[in-house]
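Given the coordinates of chain U, work out where chain R should sit on it, guided by the hints.
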Amino acid sequence: GNSVTQMEGPVTLSEEAFLTINCTYTATGYPSLFWYVQYPGEGLQLLLKATKADDKGSNKGFEATYRKETTSFHLEKGSVQVSDSAVYFCALSAPRSGNTPLVFGKGTRLSVIA
Amino acid sequence: EAGVTQSPTHLIKTRGQQATLRCSPISGHTSVYWYQQALGLGLQFLLWYDEGEERNRGNFPPRFSGRQFPNYSSELNVNALELEDSALYLCASSFPLIAYEQYFGPGTRLTVT
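Line by line, the protein sequences are chains U and R. Be aware that the first sequence starts at 1, since it is given in this note's numbering, and climbs by one per residue. Be aware that the second sequence starts at 1, since it is given in this note's numbering, and climbs by one per residue.
Do not take every clue at face value.
[Claimed, not checked] Among the chain U residues that face chain R by a calculated CB cut under 10 Å, a handful are: (1) Phe34; (2) Gln38; (3) Leu44; (4) Gln45; (5) Val103.
Think of the hints as simulated: they come from the structure by calculation, not from any bench. All values reported here derive from a predicted model rather than from experimental measurement. We treat Cβ as the ideally placed atom computed from N, Cα and C, and that holds for glycine.
With the rest of the complex left out, here is chain U (with noise of 0.2 Å):
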């Protein structure tokens, strides 16, 4: 079945550092690859996303790439700052994904010290 595969967190780094949080998948077909993000208290909010190979989603400073052949999405950031402390989620959205059109990873917590 499909399923995705987060680094277990959690993270800490001190202000500006650079940030990867990484995440892999199996799915059957093509799938469409999301990050997901929760602030302390609130729900969660669509980050960025790709719906191809190769294709980059990017939002608030942070980046992904969808790449094919090693089945990953992986998460970064250059210059991490104290706001960026949450939750972040991997996501994917494949055809016959089943009981749902997304699944989740388990979650990576950051947390970013001045």
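Relative to the frame of chain U, chain R by itself:
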């Protein structure tokens, strides 16, 4: 434009009771999704409603049920509450043909004692 709203924000129940959680989708969205976010377990898909019909449900017992009203708002009911039902319950909505782009509400924190 108003986002997805959920009520109540917090709900405290005792084991064996019933809980009712409510969700209003973004205007124009006809699909509603419910997820359970228990501590350390990520998001577990619960239910999916579209145009008033249940499209599918996740791997949860029948005491988790819900419905979608003609105005596309939705209700999640949890009967015979158990301690492990304590979690954040998130509702999301989307346009029916863009089901992967879901907009989430802030959630209802259910605590079962």
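Here is what the structure says about each hint:
no. : hint   : in the structure
1   : Phe34  : 7 Å, holds
2   : Gln38  : 8 Å, holds
3   : Leu44  : 4 Å, holds
4   : Gln45  : 7 Å, holds
5   : Val103 : 8 Å, holds
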